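Input sequences plus hints: build the corresponding full structure.
Counting in my numbering, the sequence shown tops out at residue 402, every number present.
You may find that some hints are simply not true.
Stated by the list, open to error - Straight-line alpha carbon distances no greater than 30 Å define the calculated DSSO-like cross-link-like pairs of lysine-lysine that follow:
| # | residue 1 | residue 2 |
| --- | --- | --- |
| 1 | Lys398 | Lys99 |
| 2 | Lys77 | Lys285 |
| 3 | Lys232 | Lys285 |
| 4 | Lys45 | Lys275 |
| 5 | Lys77 | Lys45 |
| 6 | Lys99 | Lys285 |
| 7 | Lys77 | Lys99 |
| 8 | Lys275 | Lys285 |
| 9 | Lys398 | Lys77 |
| 10 | Lys45 | Lys398 |
| 11 | Lys45 | Lys99 |
Hints are computed from structural coordinates only; laboratory data are not their basis. Here the structure is a predicted model, which means the values were calculated and not measured.
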Amino acid sequence: MQYTPRILIIHRALAPYRIDLFNHLTKRYDVELYLEYGQPLEQDFNLAQQGERIQFDYKLLAPGGRFFPNLRPELLRILRKPYDLILCSEFNLLTGMLYLLRGRSARPLPRLVSMCDDNLVTAEATIADSSYWSKRWLLDRLDGVILCSDQVRDRYRDLCHGELSKWHYLPIVQDEQYLQRQVALAEEQTAALRSRYAIPDGRAVILYVGRLDKVKNLPRLLEAFRLLLDEGLDLQLLMVGDGPMDAELRQQATMLKLEERVTFAGKQQGSDLYAHYGLGDALILPSTNELFGATVAEALALGMPVTVSEVASSCTLIRSEQEGYRLNPLDTEDIARALRHLYELIGEHRDEVTRHSLLPYTFDQYMSQLDGYLDSLIAKRYKS
Numbered sequence: 019m020q021y022t023p024r025i026l027i028i029h030r031a032l033a034p035y036r037i038d039l040f041n042h043l044t045k046r047y048d049v050e051l052y053l054e055y056g057q058p059l060e061q062d063f064n065l066a067q068q069g070e071r072i073q074f075d076y077k078l079l080a081p082g083g084r085f086f087p088n089l090r091p092e093l094l095r096i097l098r099k100p101y102d103l104i105l106c107s108e109f110n111l112l113t114g115m116l117y118l119l120r121g122r123s124a125r126p127l128p129r130l131v132s133m134c135d136d137n138l139v140t141a142e143a144t145i146a147d148s149s150y151w152s153k154r155w156l157l158d159r160l161d162g163v164i165l166c167s168d169q170v171r172d173r174y175r176d177l178c179h180g181e182l183s184k185w186h187y188l189p190i191v192q193d194e195q196y197l198q199r200q201v202a203l204a205e206e207q208t209a210a211l212r213s214r215y216a217i218p219d220g221r222a223v224i225l226y227v228g229r230l231d232k233v234k235n236l237p238r239l240l241e242a243f244r245l246l247l248d249e250g251l252d253l254q255l256l257m258v259g260d261g262p263m264d265a266e267l268r269q270q271a272t273m274l275k276l277e278e279r280v281t282f283a284g285k286q287q288g289s290d291l292y293a294h295y296g297l298g299d300a301l302i303l304p305s306t307n308e309l310f311g312a313t314v315a316e317a318l319a320l321g322m323p324v325t326v327s328e329v330a331s332s333c334t335l336i337r338s339e340q341e342g343y344r345l346n347p348l349d350t351e352d353i354a355r356a357l358r359h360l361y362e363l364i365g366e367h368r369d370e371v372t373r374h375s376l377l378p379y380t381f382d383q384y385m386s387q388l389d390g391y392l393d394s395l396i397a398k399r400y401k402s
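So, in structure tokens, the structure goes:
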């Protein structure tokens, strides 16, 4: 009987864009999965709307103390079991505990790998700022690091210790077939939304999906959008999300006389979100600060061109002008150029009946690359 490697996964929280990854890992390996929190601290997802998509079991870690929430004594019990590899998220006190305590699990030591969402701005700060000494210490000592930016992977690989093979690039992607199927199932809802929002047939719809927060740079987006309407472009901006800037953005839209061209849809999840994706022809993410931007990968998987801030790691998914545009988030004129480019792309592909994923690889191909990476780390465990 072939041996199935045992993997302990400790992840911060379960977001919808991580479900397909964990489905894959739990099918291929003997996995025990723990979550630090029931919900991402900065987001509120209704996992009940994911239905049967979640095909794995998971447990919540017992909470840490008030002053040291990442100090989790339960690890002492969990690490009594033998594991071949431990997969954690980011770099914090919990990561350090796993590094120091993994000897309780097995000998040779289980490989310790961290999944890190750093963008290039964060990486440069990690390298230059002395306050990040503990993170740099761990970067040098972990057996593997999985990064959602190939630029960050290359930067850390050049400056940190360890074999080149310890660094792996994996963007935050989902199963494109699942996403496309959900949008297709929501077609009737999509048609009803077009009527409800009074969006004429043939008008190009630019989506924004995310929080209505200051770092999302949405006031500048509205200013750039006004410039394009003044040029006579037939565009609708559909903003899907909620947040502290909701009232301010609505007021700005009124001042710019955008009431009929900017639709505030509020927060949407599950089939309602897929119905809104079905309305979109392209997507924009103009953030001044963004680690990755999972909605960019979602839109590309659905065959939509995107324009995304150059600070977001997802901008590296844009490999040519046919996929979209990398914008300077501090330049209103450049945001306008990005929107204009999307409008041209929409016109070029308006008559296409079927949309195909614009991602560099399929989800299965990304997972195959990940399997090879993890398998090689586990194999090295027995050679060390």
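Legend entry - Satisfaction of hint between Lys285 and Lys77, Cα-Cα up to 30 Å: Distance of about 28 Å is within 30 Å: holds.
Inset, instruction - Below or equal to 30 Å on CA atoms is what counts here, so check Lys398 against Lys99. - result: 20 Å, holds
Legend entry - Pair hint outcome, Lys99 versus Lys285 [Cα-Cα no greater than 30 Å]: 42 Å, violated
Inset, instruction - Could you grab the alpha-carbon distance between Lys45 and Lys275 and see if it respects the 30 Å cut-off? - result: Not satisfied, since the Cα-Cα distance of roughly 52 Å exceeds 30 Å.
Inset, instruction - Given the hint that Lys232 pairs with Lys285, test it: the Cα-Cα distance must not exceed 30 Å. - result: This hinted pair holds, its Cα atoms lying about 17 Å apart.
Inset, instruction - Compare the distance between the alpha carbons of Lys45 and Lys99 with 30 Å, and conclude whether the hinted pair is satisfied. - result: Holds - the C-alpha atoms of Lys99 and Lys45 are around 20 Å apart, at most 30 Å.
Inset, instruction - For the pair supplied as a hint, Lys77 and Lys45, confirm whether the alpha-carbon distance does not exceed 30 Å. - result: 17 Å, holds
Inset, instruction - Compare the distance between the alpha carbons of Lys275 and Lys285 with 30 Å, and conclude whether the hinted pair is satisfied. - result: The hint holds at about 23 Å.
Inset, instruction - Mind checking the alpha carbons of Lys45 and Lys398 for me, to see if they're no more than 30 Å apart? - result: With Cα atoms ~22 Å apart, Lys45 and Lys398 stay inside 30 Å; holds.
Legend entry - Pair hint outcome, Lys398 versus Lys77 [Cα-Cα no greater than 30 Å]: This hinted pair holds, its Cα atoms lying about 29 Å apart.
Legend entry - Pairwise hint evaluation, Lys99 against Lys77, where the allowed Cα distance is 30 Å at most: 16 Å, holds
Hints 4, 6 from the earlier list are contradicted by this structure; the remaining hints agree with it.
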